Structure formats: C-alpha cells, structure tokens
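Protein sequences, first through last, are from chains A, B, C and D. Oh and the first sequence: position 314 is 297 in this note's numbering, straight run, nothing missing. Oh and the second sequence: position 420 is 403 in this note's numbering, straight run, nothing missing. Oh and the third sequence: position 386 is 369 in this note's numbering, straight run, nothing missing. Oh and the fourth sequence: position 20 is 3 in this note's numbering, straight run, nothing missing.
Hints may be right or wrong, so weigh each one.
[What the hints assert, rightly or not] Below, a list of computed lysine to aspartate or glutamate pairs in the EDC-like style, where the Cα atoms sit at most 20 Å apart:
1. A:Lys192 / B:Asp290
2. D:Lys336 / C:Glu410
3. C:Lys192 / C:Asp153
4. B:Lys336 / A:Asp395
5. A:Lys336 / B:Glu218
6. B:Lys192 / B:Glu238
7. D:Lys468 / D:Glu398
8. C:Lys364 / C:Glu410
9. A:Lys336 / A:Asp283
10. C:Lys192 / C:Asp157
11. A:Lys336 / B:Asp60
12. D:Lys192 / D:Asp259
13. B:Lys336 / B:Glu371
14. D:Lys336 / C:Asp454
15. D:Lys364 / D:Asp437
16. D:Lys443 / D:Glu218
17. C:Lys336 / D:Glu371
18. B:Lys192 / A:Glu221
19. C:Lys192 / D:Glu371
20. D:Lys192 / C:Glu231
21. B:Lys364 / B:Glu265
22. D:Lys276 / D:Asp259
23. A:Lys401 / A:Asp419
24. C:Lys336 / D:Asp290
25. B:Lys192 / B:Glu163
26. D:Lys192 / D:Glu163
27. C:Lys276 / C:Asp437
28. C:Lys406 / C:Glu371
29. B:Lys401 / B:Asp345
30. D:Lys364 / D:Glu376
31. B:Lys192 / B:Glu218
32. D:Lys192 / D:Asp212
33. A:Lys192 / A:Glu238
34. B:Lys336 / A:Asp60
35. D:Lys336 / D:Glu398
Simulated from the structure, these hints should not be mistaken for laboratory data. In this text the structure is predicted, and so the values were computed from the model without any measurement.
Listed below are the residues making up each chain.
Protein chains: 4
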Amino acid sequence: MAIETTLTPAPLGTNPFDDDHLREECGVFGIYGSPDATAHTALGLHALQHRGQEAAGITAFDGEEFHTKRVLGQVADNFTSQGVIDSLPGHTAIGHVRYSTTGETVLRNCQPLFAEFASGGFAVAHNGNLTNAMHLRRSLVSRGSIFQSTSDTEVIIHLIATSHFRTLLDRVVDALRQVEGAYSLVSLTREGLIGVRDPLGVRPLVLGKLDGAYILCSETCALDIIGADYVRDVEPGEVIVITENGIESQNPFPEQSPRPCVFEHVYFARPDSFLDGQSVYEVRKRIGAELAKENPVEADVVVPVPDSGTPAAIGYAQASGLPFELGIIRNHYVGRTFIEPSDQIRHFGVKLKHNANRWHLDGRRVILVDDSIVRGTTSMKIVTMMREAGAREVHMRIASPPTAHSCFYGVDTPERAKLLAAKMDVESMCQHIGADSLAFLSINGLYRAAGQGDGRKTAKPAFCDACFTGDYPTFLTDLQEQEEKQSQLSLIANTGG
Amino acid sequence: MAIETTLTPAPLGTNPFDDDHLREECGVFGIYGSPDATAHTALGLHALQHRGQEAAGITAFDGEEFHTKRVLGQVADNFTSQGVIDSLPGHTAIGHVRYSTTGETVLRNCQPLFAEFASGGFAVAHNGNLTNAMHLRRSLVSRGSIFQSTSDTEVIIHLIATSHFRTLLDRVVDALRQVEGAYSLVSLTREGLIGVRDPLGVRPLVLGKLDGAYILCSETCALDIIGADYVRDVEPGEVIVITENGIESQNPFPEQSPRPCVFEHVYFARPDSFLDGQSVYEVRKRIGAELAKENPVEADVVVPVPDSGTPAAIGYAQASGLPFELGIIRNHYVGRTFIEPSDQIRHFGVKLKHNANRWHLDGRRVILVDDSIVRGTTSMKIVTMMREAGAREVHMRIASPPTAHSCFYGVDTPERAKLLAAKMDVESMCQHIGADSLAFLSINGLYRAAGQGDGRKTAKPAFCDACFTGDYPTFLTDLQEQEEKQSQLSLIANTGG
Amino acid sequence: MAIETTLTPAPLGTNPFDDDHLREECGVFGIYGSPDATAHTALGLHALQHRGQEAAGITAFDGEEFHTKRVLGQVADNFTSQGVIDSLPGHTAIGHVRYSTTGETVLRNCQPLFAEFASGGFAVAHNGNLTNAMHLRRSLVSRGSIFQSTSDTEVIIHLIATSHFRTLLDRVVDALRQVEGAYSLVSLTREGLIGVRDPLGVRPLVLGKLDGAYILCSETCALDIIGADYVRDVEPGEVIVITENGIESQNPFPEQSPRPCVFEHVYFARPDSFLDGQSVYEVRKRIGAELAKENPVEADVVVPVPDSGTPAAIGYAQASGLPFELGIIRNHYVGRTFIEPSDQIRHFGVKLKHNANRWHLDGRRVILVDDSIVRGTTSMKIVTMMREAGAREVHMRIASPPTAHSCFYGVDTPERAKLLAAKMDVESMCQHIGADSLAFLSINGLYRAAGQGDGRKTAKPAFCDACFTGDYPTFLTDLQEQEEKQSQLSLIANTGG
Amino acid sequence: MAIETTLTPAPLGTNPFDDDHLREECGVFGIYGSPDATAHTALGLHALQHRGQEAAGITAFDGEEFHTKRVLGQVADNFTSQGVIDSLPGHTAIGHVRYSTTGETVLRNCQPLFAEFASGGFAVAHNGNLTNAMHLRRSLVSRGSIFQSTSDTEVIIHLIATSHFRTLLDRVVDALRQVEGAYSLVSLTREGLIGVRDPLGVRPLVLGKLDGAYILCSETCALDIIGADYVRDVEPGEVIVITENGIESQNPFPEQSPRPCVFEHVYFARPDSFLDGQSVYEVRKRIGAELAKENPVEADVVVPVPDSGTPAAIGYAQASGLPFELGIIRNHYVGRTFIEPSDQIRHFGVKLKHNANRWHLDGRRVILVDDSIVRGTTSMKIVTMMREAGAREVHMRIASPPTAHSCFYGVDTPERAKLLAAKMDVESMCQHIGADSLAFLSINGLYRAAGQGDGRKTAKPAFCDACFTGDYPTFLTDLQEQEEKQSQLSLIANTGG
C-alpha cells in the first residue's frame, strides 16, 4: 500500500451533528446549462453539507477544458470567493461532499474523480458504496490498470476506460452492470451530464429544473437553495443523459423491486427535504406519534435531543398531549476537541455542545426523544446531564428500531461489535445508559410512519432496512471473499498447529 | 491615526446568529486557584462565544510571569491544543471574547490587555463601553501617556498607571471613579483576581465556585460547562478581590439604583443562563405568553425564526393553544459569504442559513415569532420565504418593543438612521416587511415577563432599556462633545459663508 | 485537458541563479540499505537543489509500505523536521527535485511517481525528457490506461504496467526499449533500487557507497554531503539493480556511442562535482583559459558575472595575467519579484541581486566573463551597470559557443525564437547588449577544455551539444508529428481557402 | 515579565552568512518626497537585509494617516506584492530590518515603533543600542509610562512623550541627551523625516538624493539599488530634519571625538558600500595585503572562507603572489536546520552550506582566509573539511585581531565566556581548530588598512574597537547597575550564610 502524506491540515471537526450517529458518506450535485453552474453547484453542495462534512469538490466544463478544485474542508469555507468561482468556468458542473474516516482523508480520494479517456475527459461524483470493488480492482490491476486512490469510484472509471463498447454511454452501462452495491452517480463529459441511480435505488437522487438548466442532486433541499423546481425523483436503475438535445432516459438493468434506504427518513436527510414525495419532517413527526402510541409513559415534559430528535419529539408531544420544551440547549460554536482538564470535571465532552436547561427539568419526569442509538455513549451522558439538572425520572424514546447491523451501502457504521444493540437487549441497554425506561420504535411502526400503512412485508420489503434487520438486498462479494480468506488462514493455522 | 496592517486572516464569519441583530460585544471569564486555570478559561469562553465571535484571548499567571495569547477567531479553533494550553501555565487566568466591527479588528484591540506597572504586571478583560473614553484619553495623551490601541479599556489602564494612590486596588478604584458608562471587568495581578461591575450593573457578572477555585464570568452557562456552582451575581458597583486570603468585597462608588440591561433577557444571554436568579429561557417563554395575550391573531401554526425566536414561540404556542412547528429549517453549516450568482436567484442570502419547511406552511395562516427587528432586512426575506412556500397569511410577532435608539454601553447597534423603528411606525414597518400583521411586545409587557409585575416605573426603571425608550442612565460625554464640536463647525461654516 | 487548481502556494522564486539561463530540470537520488535512508535522501536532494528548485519529493519503503511526500518548494524548507523524516520510514528511499514551468507546477506532476502494480508498489524519479512521450501516451490511452499527470515519466509507468513480460525487471527494460530521449532513472520496488541511464548517457548518474549502503544520484556533490564515497559513473545504457543480494548490472540496449550533455560542464553541474572523472571547476577554469587564448583583449581587470562565471573568470585571469576582481557584488537575499516603481528607476530588476562594486570599475577597461547568453536580457543590464559605475570599456567573454538551438532532453530552454543567438550574429549581439566587444568560446575550444584534446569529431562527437550545433542524437518523434499535423492543417487551410 | 505568544511562525533561518559571526542587529532607511516612497523603502531594506534578517517593517505617511506593516521574515518575501505596497501609501516612509535573538522575536519588538503623541503620530526606526535603557525605563514606569515592548527604542519614545519641551524637535533632542550608547535613528512625523546619528557616530548613517527626494540609510548600497546619489555621511551628533522646507541640520550635543565601529569595515557592511568615503571592498583587500605582510607562510593556494573572507583572500593572494582558488563551494540553498542522522556522518552541519572543492586542495598547502573567529566552531569544521579533501597543510589567516570582548552598541555578540579569544591565546586557538598555523591581523594593521596610516592612537583612537580592545567609548550604566546588584546579592548571601 502507498501512503501519501496529505498536504492540507486535517479538516476542522465542525460537525454540529452528534458523533454517536451513523453518517451518510456523500452528497452529489450536477447542473447542465446554467451560466452560474459553479456558483449553483457550490450552493447546492452547501445545502447537502450534512451528507459529508470533511471534503468537497467541484468539476466544471467550459466547452474546452475541465476544471477541478477539491479540498479537505467545508463548502462554505472553500468555494465562496470570486476567485475560486472564476477558476471553475463553464455552463456545466458537478460536485461532491464527502465524509471520510481519518486515515483515508487524503485529497486524492476526494471527488469528483477525473479521467482522460481516448474519447475525452470524464468526471464523476458518487454517493454509495460498491460491495465488489476489491474483487474488480484486483482484476483490473492484473491487466495493467494503475489506481491512484483507494476509492471504489475509481473502479468504475477503470471499468469504463477498458470497456470494449464503442460509445461512452454504452461503456458506462457496461461498467455499472459489473458492479454490486449502492450508487447514485452524476458524471460530466464533453457532451453533458449523466446521472445514474442503482437498480435498488438505495441512495436518493432527484431531478430539478431552473429556467433552462437541469439539476441532479441528492436531496430537494439543494434545489430549494438555488430556487429550482423539483421535477421528480430519479427512478431506481434509471440512466439520465442531459445534453444540448435535452433529457434522455433509459433503464438498462434487469428489473428489481426498489429498496430505498429507510434511514434517510430517520436521520440522514434534512427535515426540509422530500424523499419520494414525502416530507421528511412530517415522516419524523409521524414517527414521534407512532412512538407515543407504541410506548406511552407518564411524564411532565417531552425534551428532544437536539437537533436530530426535535421533529419526532414535537410529534410525540402533540400525540401525547405533553408539553414540548427545549430541555437541552445547543452551543452553536463547535470546533476542535478541547483538552481534557483534570478528572474533577465530568461529562465535559458533551457539554461543549449541550447544556441542560434546568428550569424545565428540576423535579420533573422527562421523556427524552432521540432518533437512534449507535454506541450509546452520548445517550449515557445526556441521561446523566438530565439527572444532574434535577430530573426526577428520565424516559428515553428512540425514533427507530435498534441499530444492530453494519451498513455496506455508503454509510459510515462502526464495526458491528461496537453497536450497542448488537451486544445487548433493550433492558440491558436501558441499564447501560442509566434511564428509567427505554423504548425503540418497532420496524412496522417505522414503515407505517414512512408511508407503508401495512408495515413491513417480509417477502418484499419497501425499504433497505439492513441496519435494523440484517436483510441485505445485494451480494456482499468483498466481505464474503475476505471472510473465506480468513477462515482459510485459520484453517491453515489450525492444521498447522 | 495609525493603522497597523493585521497579520491574521480575517476571522470566518461563522456566526450562526442572524446578522440583523444587535450584538453583545464581549464576554469575560476569570478563575483563581485552579490547576486547570487555562483549560477552564478556554471552556468558559467557549460557552460565552455567543457574546463575541471574532476574537478571543487568555492571560494566565504562573506565579512568575504572565502569559498571553490573543487571536482573531473562535475559542474552539484556537485554544484547544495541548501546546496552547501548556503555553499558558498557571493557577489563575482571565479570558475575553469579543465582537468587533470590521475596520478595527486588529489584534492589538483584542483583550486581555496587559501592562507592566511599577508594581508588577496587570491584565484586564472588559465587557461594556465607556461614554467618556475619548475625553479621558485626550487628557492622558497630553500628559505623555502613549496608547497602543483604540480600545477604551486602555484608558482604564493608563488611569491606573498614572494614579497617585499607593496600592494597586486604590489605583483601580481611583481610575474607575473617573469613568462613565458600563463595565464588567475581570483583571489579573500578581496577587490575584479583581472583578468589578459598574454602579448601574448594566452588563452581567456572576460569581461561581469549583472545589477550591473561584470564578467570575459573564453568564452562568460558563459555570455549567466546567461543572462549577453558581454562588451569586456580582452586585452593581461591587469590587471583588480574590487572593490567597479568600474573597473580599467592597462597594466604593456612590450608591445608584441598578439598571441591568433588559436586552440580555430578550436576546443576548443564552437561554440556559440565569440572570439575577431568573431563567432566561423562562423569561423568554413568558415574553411569548405576554405577546400572545397582547397581540392575538387567528392562525393555524406558530413558527419561530430560529434560533432566537424559539423560546418565545413555544411560550406563544402554549398560551394561544396553537401548534408549534419548525417551519424554518436551519443549515448548521455556515461560513464566508457566497458569491452572488445572477439575479434570477432571489433571497439567496437568507437561504444559506434557512429553508422553508413547506409541509406546515402551504395553505396555512402562519404566526412568525422573532425576538426583535433591527434593520428589518431579514424579516422581509423570511416573510417572502413563507409566502413562496405557500403560506396564506403571515403574522409577525416580535418579542420586544421597537428598537429605536442606539446603545452606548457595549452593544453593537447600527447608527440610529438605520434602525427601522427609528424611521417608521409599526404600520409602515408591517408594509415594509410585507407581513399581513405586525405587533411588538409593549415595554410594560417586557418588564412583567422579566419579573417586574407592575411594569416599568418611569421614575425608577428596573432596567436599562435605552434602546427601546431612549432613556440613557449615564452621561454621554464623548457623544455630547462630538455634537458640540460639529455644531461649532457648522456655526463657523455658516458665519464663514 | 484537465486542470486541477493547485492547493499549495506558488513556490518562492528563491533561485539565486540567473533567470536568463538554460535550466536543468531535475535531479535524482536513491539509497539502499541505510538506517537513515530518508535523512540521507533529503541531504542529497539539498545538494542537488540547483538541478530543480520548485518541487521536491521523497518516497521511502519500510518493508511493508511505501511512504511519499511531495511538495512545491525547496528541500531545506520541507524535509528537515523530525516529523517529516519519521513519516517516511524505511532503509530504502528515492527522491527528486524538479524545476517546472509555471502553468504545470501542479503537485501531481511532481515526483517520485508511484504506482501499485499487480506485483506490488513501484516508485520512480526521472531526470531527462522523452521525445516520443505523446506518441506513446496516445496509444496507451486508447487501450484504457488512465493518466494522472502530464509528465512523460508516467508514460514509462504505464508501459511497465501493461508490459506482457513476467518479471518486473523485464517489464522495465521492455518499457525503456520503447522510449526515445534522455533519462536517468532511479526507481524503488519491494525488492530494492533500480537505476538506469539512457543508452546515450545524456544526463549524468553516479554510483556511491556509504558503509553498507549504495547510492545512485545525479552528481557527486550529493555523495559529499553525506560523506559517501564515489564508486563510478553509471554507464550509458546500464541498468543497475541493488537488492539484498548486492549490485547487479546489465546493458540490455543496442550499443551506441555515448553523448553526455556538454552543458553540464558549462553551467548545470555544481563546480565541486566530478563528471566522468573530471572536476567541473577545473574544466570551467580551462574554459576560461581557452577563452583567453582564443579571444584576448587589452584590459585592466577581469570581472565574473557571479556566480556562474566565476571559475571561468579565474581561469581567464590566470591565463591572461590580468587581476581578478569582484566587480559585481551579489545580494544573498532573494525572493519574490518586487513591485516595479516608477520609470525613473532603471535596471532595478538586476539590482535586486547584483550591485556594481565601483572601486575597481571606475575608469577601467573591464573584461566581463559569463558562462552563456540565452535571451541576452541580463547581459544587457550588466553591461549598462558596468558603464554606470564608470567602466571605460566593457568586453564580454562567454564561456561557451552561442546557444542557438532548443534542448529536448530535460533542459528548460526558451522557444528557439527567443534565443538571441538564433536571431543574430555575434556582432549584432554585441551591439544589442551594448558591449565594446563580445566573444564566445569555439565548440572545439569547449571540447578541448572538457578533455577532448582533438576537439569535436563531426562523425562521432563525444558530447551532446545540440543546443550549440543543432545536431540532435535521437529521433524527435513528438516534434515531428506535431510539425506534420500543423503542415497538414495549413495545407487544408490553403486548399480550403 | 509578560510573554505574548507570537502569532507568526518563527522566521526561516535563511541567513546565508555564517552562524559563527558577530551580527549587526539592524539597518534603517527613510525617504522623504517620493511618489514611490514605500517601494523605494522596500528596495532599500532589501539591500540592507544583511544587517538584520529576521524581521522587517515599514511605516508610511500619506498626509493623513500613518500606515505600518511589520513582519517576522525577510523583505523580499513580505514587501513585494502590489497589495502590500498599496496598503502603505504616502510620499514619506521609514523602514527597518532587524536581527533578534530567538526568545525575543515577538512582533511587538519589531520596528518601526509608532506612538500617537498629543502633537500627532511619530514613528521611529533605530540601529544601535542604549547602555542606560533599563535605568531610564525603571524611572519612566514609576511615573506611569506603560511599555509595550522590551526594545530600548521605546525608552526614547516615552522620553519624548513625557518631555516638557514644546516643539517635537526639542523634545527629541531632550530625550536623546538623556540616553547613552549608540544610535542611528530615522523617524517620521507629520512634518517630515528626522535623522540622528549619536555623538560618537558608532553606527553608520548616510544621506542620499534621488530627483527631489532625500534618503537617509545605513549604507550606500541602499542608495545604489534605487539609483540614488550619495550626498555625504551624516556626521556624528548631527540631527537632520527634512521637511517641505528642505534640509536643516544641527548638532545639539557636546562635541566628542568620533568613534565609528571598525567592525563595519571588517564584516558588517556590504563590500559594495562606502563608509566615510572608503570602499569597503578595498579596505578588505588592504586588510588581506596587511595580513600577507604581517603573517606570510609558504603555501600553494589561497582559499577564502566564503563569502565573508573573499575580498581579504583576493588581497592576500595579490600581495603574496599565490594563486587564489575557490576551494570551498557554497550551496546557495539554505533553510531550516536538517535532522541530524546517525553519528556516522561527521561535519554534516557545515556541509549544508559548504563543500570542499577537492581539485585544488588534494596534496596542497592551503592558506584559509576568514574575517574573524568568534566561537571557533565553524573554523574547526572547515579546517577538518580541508584535511578530508586532502590538504597537506592548513594555515588559517584572520582578517582582524582576536575578538575578545562583547559589544554593547547594537551588535549581537555571545557572552564573553563563549568568545574563543577571551579564553585562549593564539597558539591554543590554533590547536583547538586543528590548523597548522593561525595568525590574526594586528590592531595597527587593521587601522592602517582602514585608512589610518599611523595605526591606532591610544589617546584618541579613530574607531570604536571595543570588541578587540575592551576600550568602551561610553558609560555602560545598565551593566554597572546589574553588576552592583549582583555583588550586593552575593554580599547578602555571604553575610547571610
């Protein structure tokens, strides 16, 4: 393996969302036919910043050349000056925001990726994750392909470069037919914009319009910021090509029943976005109402864990008739991790972002509403914070089922052993976090809130819910090959011993 | 005048609060007797960051030397590394956060300021503003004092340096007896910590305790973050000296009736802080309830302008029985100003931070609750945003009286001519911002919500409310001298012509 | 074409050598078997910094992984901290310094380049230039290779990756048999170090030894700095492989008569280096003596143009019996280009680096000795500077023949139209620069000084001297194809019109 | 004491001169009446960079305001952009370059210093050092003056501010009459430029003219770079005032016999400068000739220690008839200190800058010429380098007498105990550095070379030569008070014990 020392300082950890969450790994944006293509892309990426806070990039095409700027850092800190916008000229552009685990955040893994094909330049931005990338990569390297990154997106590029089909579009389809996993892609060629959503539609992708320009992006909130109209969601398996001839669409993949990610509704998407026509905010309020129905408790006040628990807490309060109060106040200023002073100061970490609002807690029975529990570290601290502020009882209500399985489709999950729900039952979890009671929403309650009135149909679930159920909708080739290799190794070790 | 080109890049405008607000200009923190003095000060300043986002500084004393670090930028980005903490050793420290208008944000105006007196080093951090600083400065310069900054805090330092009293404490008191205006000071000497709150108590200052250490700081939220206990508010006119002999207190100023700033309750203070024993959050909820009582309107939903309008909106919703909904979603990622693309994109500025949540707005009658109106620019954009999202009616309710006068006591206000309420009556303002109705809280309603059941007593008001009433509780010497000079100039011009 | 906005500020132009010179484009260094491999490489590159001032890079191999750091900037500013050295662990390392024309100085063109082959990692650093790189590149891209840089070195890497030979060494030889031009390569594999010098030996490469470690580098001065012993020059066409089995050598190319670059003697190499066993300083002194013999003139003083003309001037002075004086004093502090103030200040540019030393010039007849004339801009300014300091006569003597042809072998030359000697005869050049007389060394004189007592043998010249004679020792495929394409275009244009 | 953590990274140690030298601490430049005042000042400071490499500053006055920029770093890296030049507008400017010992290089000690007096702004740049600064400072602080720096220049400013005289000029003279030591000052007021040279004229200051503008600067080389004419040296004790009324001059101090620093001739001044009408280069050549006469030795070659020993070596070679050769080659690329690899590499430090040129050393008897010996560390390494390159004999000749005393007049000298000549006689020094012979120039030889044909007159020496003779021409009040205090302390300690 090659390690290039990164040139840019590590990005500030200015993520206002809680560390103890699953994290969406990417957001994408593309626009065709706008005189402000790069400015619009920067704004759209800014609206998608919650989908990836650590790196950002834009590639623009001015009819002659492709111009790329990629940075470790946030959009608003790097793509706002006139100089930067002017350095990325053109009427067509794509962009990408990315979250990355520390060791890998070198710039060459940032996107859009660019390649010079015999047919001309090709840039691509990818949201999702392939489950057979390592397998394909080994094969490509043995035939002479040279990889510059560890990104699975580059696998797609080399598959296109070495495809034997003639037209670029055919080569793209040829490449995507070989990959497994989840992907929502936007790519930029000399001719125009190509958008693709994988056959299961795991990750979102929507189409919008602004005057004469077309937009492809991860969420509708990126349309709102530039004043564009929402046209429709890109369909699972759909390949959209936008050129000077307008929009063409095809679906070249074998038909499959769609499985969009249900966690987008629970936490990833912004509350002001719409997914497949449903308001995310409203789904979250309905989740809160389902939660109140499934798991009622006598209490004085409903308090959201800010900000991700707020819509569900409002739904819970309205359904239960209890008052909704801001019992936890967020500090809007966040930054690098502070030095830990002496041991006398407990729970200091969580206080950097949150403080108890004593007035409504002292002597009260509190229902805390959060969207999910991953490791449980934050929940424990917040329960303690409530008690120190005088809460008489603390009842934790979680707006999703227990998260017990890793995601392989473009979401950063801790290894399974670190997921609290993979290690404990609900009662143990309750003791662990120190609450008086703990309840999760049922999987059927979640499906109902998300618009599936009949709940989850086991034979044909309407969503990808693998993180809750372990029911993965694709092959997991790389994982399987790795496990086989390790079991062979241990076999050898065993027979060897 | 001398202009030193600043060395540090302009601070990111990462202020998540709205630009169209009055701004508190400073926060202060001091601690005596803690092995983690600097780490605690950094944490305390982080909790006070909302009182000044553009510069921060800490001075620590290790028994031998004073160590200072001051930066343009935020606490969490500059005072968190082990290296920085180690470079500021000692058991005693003071710190300062500061907001500054652009032209003046040179580092030498940042605090704590430090001077080497004949008696030894002296550092000071100041929240407030003097109204006779220019007058005193001219006199000092004519006697040979050399100023390094344009800060009025340096006037205090030179008054101390040239005082003819013998002990440092007497010199401090001698200096403060000569100044007019508002100040909450913490200062650091070889012997310990000195805290002073001006005789009117305009700006807040509280005393806390953590194990053996004493803390003086602007708000109680800075005690919470380090786990310290609140002891009491420092009294108006009180001088507190903390040394190895413990705490000593005196009040060396002529007695005056206190006039703490009422706008701290409306907007400046954090909702989780307590001012003079009252929960800021609860006062704001009571403000919302008063507002609902004074200015009811038929509507479907109560929507806060986030985040400053949220507690009042909750109070309004609870008092009126209308549902509280997050009709405006905040983007947590903010940064430098984006390039303005072509004119086709309207209201793009406000969309960087806010987006309408259509679901609860479309076809509804909306009550928007905000804390205040300064220039009115944001209000206009948000009303438009509501209408574009489909709102049938938009009723704006403001959680304070019209802001019609400048503040000279340490709050950044636009010149009077730019205050919307100084130019228009309420009906014109309503038309200007495009709302269907607009109503402000009355001054008596505000006093009632802030705990003065009888409302405002004209002879002896319980607060400084000059920004609403124009009733300034101190002389304004510098302003008066400037106005006299200008009227003389125009007299000369007139007679000359 | 793709343009990546570079992340690093443009390197300071701290080149103390004159801008009006040909520039060597690269220096290389490799070491096998030293516990201080990276520290030694950094030192060696520092000694070779004159061969490329704008970028530097090191790749080290620690037995498991390859570690690379590449920067825009100088070695001494970037590879000296313990942190950097520690981030590049291993007993084997290669490094590269590079000069680049402005537009192309993006980091991805910097070296060493690295590729992950099926057989493992491969890093390479290259001094020289291929004359059929574009031709080969087009063919590779059409077969699916994706290029990351515009560097011709990457062509070599893709040729290796797609070679059908089995062993890595065979693939390297297969690749190099396809390229034309000049190259001295050091490359790093999991097994060890490979060094190659092209069949003509245009660019230098020497072998050294330090305790158990072997070194391959561009010049002997890089051996001196680490205290290593010079073993021998690598032979033209030689492939050296250094592994734990020691050194193996082969020469797999068709035999050709060597043509090392004669300009290394004139200017590129450091005066303390030895090339093919000859002291560069001594050759330059002999050049000065030849020059005095060929072009004597009555004068009072011999003055070098510092620092490149100094050894030849000493040689001239000793041969002519005239006194050698420092008539031009160099300012050692150089940096970015200064702002040009008003027109009243003439010749200000050259004065940033040089000042006349009036004492020995006023009223004297001065012989100025410089190594070469490229554009003539500096010569003109220096002659004027001499006259302004009072010189009675100024006689310019140049330590090489007129530079009238571009170099395609890794030397930065202006396009031919900008070479003064391509546009004018010697007499016109003399008038142009304003000297009283001007003389160049003859090509035979240069050969004699460089150890070829019989001068240049036209049939089989001992050096590459194409910049003086236009006699290029290899095919120039890319240039030819480009010229053919342009002549076809003009043919079309003509017939079309 | 107060320690402000510096904001700027430590300046690169890009000093090409040898570390083992005394160092001039400052250079000054001022210009009145030029439309390019700041650009000229930047160029002038660039030419004076050898007098102070670590900090630089310029203050310009545009008729309304004073503009200052001060940096840690070199002129050419910080004062060359159009933006910087434009930020310092005006027809009058002063500038300063400064060398500083590490701990104190905080920006606030950099110059020009600026103060706002009652009469208006005042900026000053100072070359020299006061010997009673601490004494005066204590008195000023006790009367209420607040110091911002540890610079003795600020003492002068406070003396001016608190002077009871009426006009600014009278206050300046009043202040300077109270100080002891060496100073060449340029200062900028609203009216114009004031230049002062102390009554002994220890540090140089010259007057120049360029069209209508007047220049005051440390050396004539700063006039050359902007094409200005040399008018005359400012006289010891002279106060020059340049305003719109032209030049006025006075000498308000008691008359004293001048004592300019002789070490300026030996090493500090640039060889292309003239001091009191004498060419520095020529004086150094005469020094070499005197040295050859006083201390001849049989040898084959004369080799300068570059670059400071070069003119003396040329003089030695011409006087002795021996050949002058560049036996030591300098690397022009210098930067931060490299990591020391393992012990096997000896003398690696000196090799970063120097390499032996073996050709003329191997088997030869070498005369090495250097300007001075301070600690002797470099001499030892260079002698070893000569021997390792094969030198048969190494004879060291030093172009000044033994440096045995500290300088208190603005030159950075090690404490006396570290001066080799303070600890050893010449024979021991010779053994210490490992030479075959060592000889210094006599003090009379130095005086003769510097134009005093009769040598040094003990009663009335023509130069300050305290570093050689210990004969200090002023009181040393601070040193004396410090020594008295310490002797009292040890007295107390003794009696106490």
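Quiz prompt | Contradicted hints - numbers only | solution = 1, 2, 3, 4, 5, 6, 9, 10, 14, 15, 17, 18, 20, 21, 22, 23, 25, 26, 28, 29, 33, 35
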